[in-house]
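**Q** Letter by letter, the chains look like this.
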Amino acid sequence: MSEYVLFKQLIDPDVRELNHYIKLGGYEGLKKALEMDPTAVVEEVKKSNLRGRGGAGFPCGLKWSFMPKDDRQKYFLCNADEGEPGTFKDRYIMSENPHQLIEGMVIGGFAMGASVGYIYIRGEFKFIADQLQKAVDEAYAAGYLGENILGSGFNFELYLHLGAGAYICGEETGMIQSLEGCTGQPRLKPPFPAQVGVFGKPTTVNNVETIACVPDIIRKGANWFLTIGPERNNGTKIYAVSGHVNNPGVFELPMGTPLREIIFEHAGGILDGKKVKAIIPGGSSAPVLGPEHLDIAMDFDSLKEAGSMLGSGAIIVMHEDTCIVEAFARLADFYAHESCGQCTPCREGTPWMAQIIRNIENGDGREGDIELLYDICVKIIGRTICPLGDAAVFCVKGALDRFRDEFEYHIQHKKCLVENKVAIYG
Amino acid sequence: MINIKIDNTERSVEEGQTILEVCRNLDIEIPHFCYHPGLSIAGNCRMCLVEVKGMPKLMTACSTLVQKDMEVLTDSDLVKEARRGVLEFILLDHPVDCPICDKSGECDLQDYNFDYGIDKRRSIFPKERHKVEKVSEKIYKNDNRCVLCTRCIRFLDEVTETHELTTVDRGAHTHITCVDPEGLDNNPFASNISDICPVGALGLNEFRFQKRVWLTDHVRTICQGCEAGCNLNVDLHTRQTALDPNLGPVVRFISANNYSMRRFFICDEGRYSYSNYNKTEERLLHPELDGETVTTEEAGSFLKEALSSKSAGAVVLSPLVSVEENYAAILLAEKMGYDLFRPSPYRKDLPEPALFIEKVKAPNHNMMKLLEIPKVTDMETSDYDVVLVLHSIGSIRDNSLVKILSLLKRAKYSIVFEVERSEFSENTKLALPAPMFLEEDGCFINSGKRIQRSTGGLGYPESVQPLWKWLFGKDFSGPESLLRKFSKEKLGIELDYDKIGQEGVEL
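Which chain is which? The protein sequence lines are C and F, in order.
No gaps in the numbering here: position 18 of the first sequence is 18 in the working numbering, and each next residue is one more.
No gaps in the numbering here: position 415 of the second sequence is 415 in the working numbering, and each next residue is one more.
Think of the hints as simulated: they come from the structure by calculation, not from any bench.
Errors might be hidden in some of the hints.
Lysine-lysine pairs mimicking PhoX-like chemistry, simulated, CA-CA at most 25 Å apart [as the list claims (entries may be wrong)]: (1) Lys5/F with Lys189/C; (2) Lys68/F with Lys304/C; (3) Lys397/C with Lys80/F; (4) Lys80/F with Lys189/C; (5) Lys189/C with Lys53/F; (6) Lys397/C with Lys57/F; (7) Lys5/F with Lys57/F; (8) Lys335/F with Lys189/C; (9) Lys189/C with Lys57/F.
Work the whole structure out from these sequences, hints included.
**A** Dropping the structure here:
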């Protein structure tokens, strides 16, 4: 078992309390960072190859370096919306090891010259937000937050903000809109948030897991981080495994752990010893993979090569008794439901796709529906304001590419290819 | 200036503009719904997608700034395919009820669909239906036709800052709703949202089911309501059909974009003032001498007699009348040595100045100011034998009115030149019928010292003549020759109707 970078609760179950966190080296990274030059902190993160854990895998240090160096008010936002279907990783950092996130926020704020931070938590996580708030209060009392942190003269205020249950608010500009009190609808880019973000000021948004990696990178140095995981995909990753496995759950493993090891060793193998049929490797927006990909290394570059993406690291496993059409009808419904309704292709295209797939699933599919679905995909992808439309297309097109026979069987025979199929709820 | 390539043609364009603005100036059409020159960029309709070489995706022309050496394709197969895609998405839930839609004929969705759309519906699913709703006294809303471009919302948020409309719900259920119907009733600019709606989703109750727009003639004019000089597109009803025998010649006023003035909207007062030009009961159609209708020849001989009397005369110009007509009167005054005066314009029933509503309620007040014509109330003597008064539809201040009336009553030869019967024509010897502003070409100088042209699309009745014809007959070939003379002699520049163009010239 490798070392735990993020899930320190597995070393000390009480790490959510400040004194336990400090015993494990907590806030050492912050002390070290405050003695450094802010640009040196950014450089250190750049050097560590830390890539965004929210989905896109954008280099974190590079993102931080986009922030202007002037003395405008700047904001550092933490994206804790965790909306991607299948993802349930950030919640355990926030509820079990909250100080690491807080420390990461302060270090990030210091590095970018942002004096205010917001953690945007999805509304359903009210109980987690309460736990996190407790930790924030503790950190304020101990002088890790607020004015003149550790006598360095650096001020950082941290606020929690509860979302109202929209997938689209996990998109950074949608989140910024929501944080401002507006409808959660993504903004047109450019200008990018680093120029015009929340309240019109330069803003950087990072995922919880990304930010939580930062304290240890600063404390132990970028070179230590580079020893974990394959080249350019360094660090550990929290894999959230769900679906037809014996032991679903979250596992912190080095980046690049083979998919087979994650599913069969850590997640306990497939339910009832059945065969794997489909694996979504990175949240529902990642194109689905098949059993031949079981030996793939779970990191950004390997999955990209295989035509999918690591996304948020949420692995959804489906075994041989799953009706793919039914499963993806459910997912297509999700995207249609969550489309913000702002731009035409996504607003109109996602429900149309969902209707067609639902129709096929109901045995009302018609000849040409698959070609029509492909054509709709072409008309959505890359033509929307935000990546939600792209995500819906990745999801649907991935399933069509891999399981076209099953869709065709549904259309021709008006019934499912899979006998004794398992129920999909929702 | 930078060089870019549009559709493989080298162009030199101004930096800092978007691709769409550049193309508009070059007369290259890029279809769009949500972009409006007077509003912020929303980028939500995705209709203006164009190919930019080197970019992985299609770019929205409305939000992408031109850059040095950029290569843009506005008409490639990929771009056309994207337009077809967007149109198909929009039509998924659109009722395609053009036969009963008032926007039909001037609808962007209709036009683009003819150019780029598909002719066969590929969706088999039922369309979502909403009831047509009267959102205010003046405006109805038909959500079925809405393309959610949010122009109306942005107009009310950004221009009037009153926020009556908003979108509600999410995804395909998104629709526009009115959160403040009373506010919309009382908003003096609200009817603009019907103009800027690219489809038939918002319309004016007054125009609903009134007239097919392709049966009207369109002219571009200047609003007569105040000195702001807003540009209007006027729909004229010149071809009577069996369905609308009672419709007046002026069907409606809608706003016309003036990019040089950066003005794209008009006030409701100006918009609904079109009915003033449909009244026929009060119209002065024949010359009248002492209240009796006379022929043009009889009126002409009285005029001749008056002008040969060689006694002191006064000419009262009108800020309600065009540059050309006023200049004809000025030429007369200069020839005869008459004194020139102007009344103070006023209209108390108009709304307070706001946004683009100006205080002075006359379209040509600035001509009077430019030529420094003294006010009629500042007149030192009132002993004039010959008095010529110009007037049009509109009103002037009470003290000016009283002064002019006393002038008319005391003069031996009093002549009034006006459109509608008023106190002036009741108190004059000779009343000459004047063409109204939609009947004769004319220019107006607005508060921004911009001379703009109004086109007379209606033509005047046979018994009516413009003043220059009464006074100078065949000395001038038409109003344009008067304008040429005016600009040369009074402004010191060479101007003609072509030079003034649609957007006017700043003086």
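**Q** Determine for every hint whether it applies to the structure shown.
**A** Structure-based check of each hint:
For the proposed pair Lys5/F and Lys189/C, the alpha carbon gap of about 24 Å is at most 25 Å, so the pair holds. This hinted pair does not check out: Lys68/F and Lys304/C have alpha carbons roughly 34 Å apart, beyond 25 Å. For the proposed pair Lys397/C and Lys80/F, the alpha carbon gap of about 23 Å is at most 25 Å, so the pair holds. In summary, the hint linking Lys80/F to Lys189/C is supported, as the alpha carbons are separated by about 23 Å, within the 25 Å threshold.
Of the supplied pair hints, the one linking Lys189/C and Lys53/F holds, its CA atoms being roughly 18 Å apart against a limit of 25 Å. A distance of roughly 18 Å separates the Cα atoms of Lys397/C and Lys57/F; the hinted pair therefore holds under the 25 Å criterion. For the given pair, Lys5/F sits about 18 Å from Lys57/F by alpha-carbon distance, which is consistent with the 25 Å threshold. With a C-alpha separation of about 66 Å, the suggested pair Lys335/F and Lys189/C falls outside the 25 Å cut-off, and the hint is violated.
Our distance criterion of 25 Å between C-alpha atoms is met by Lys189/C and Lys57/F, whose separation comes to about 13 Å.
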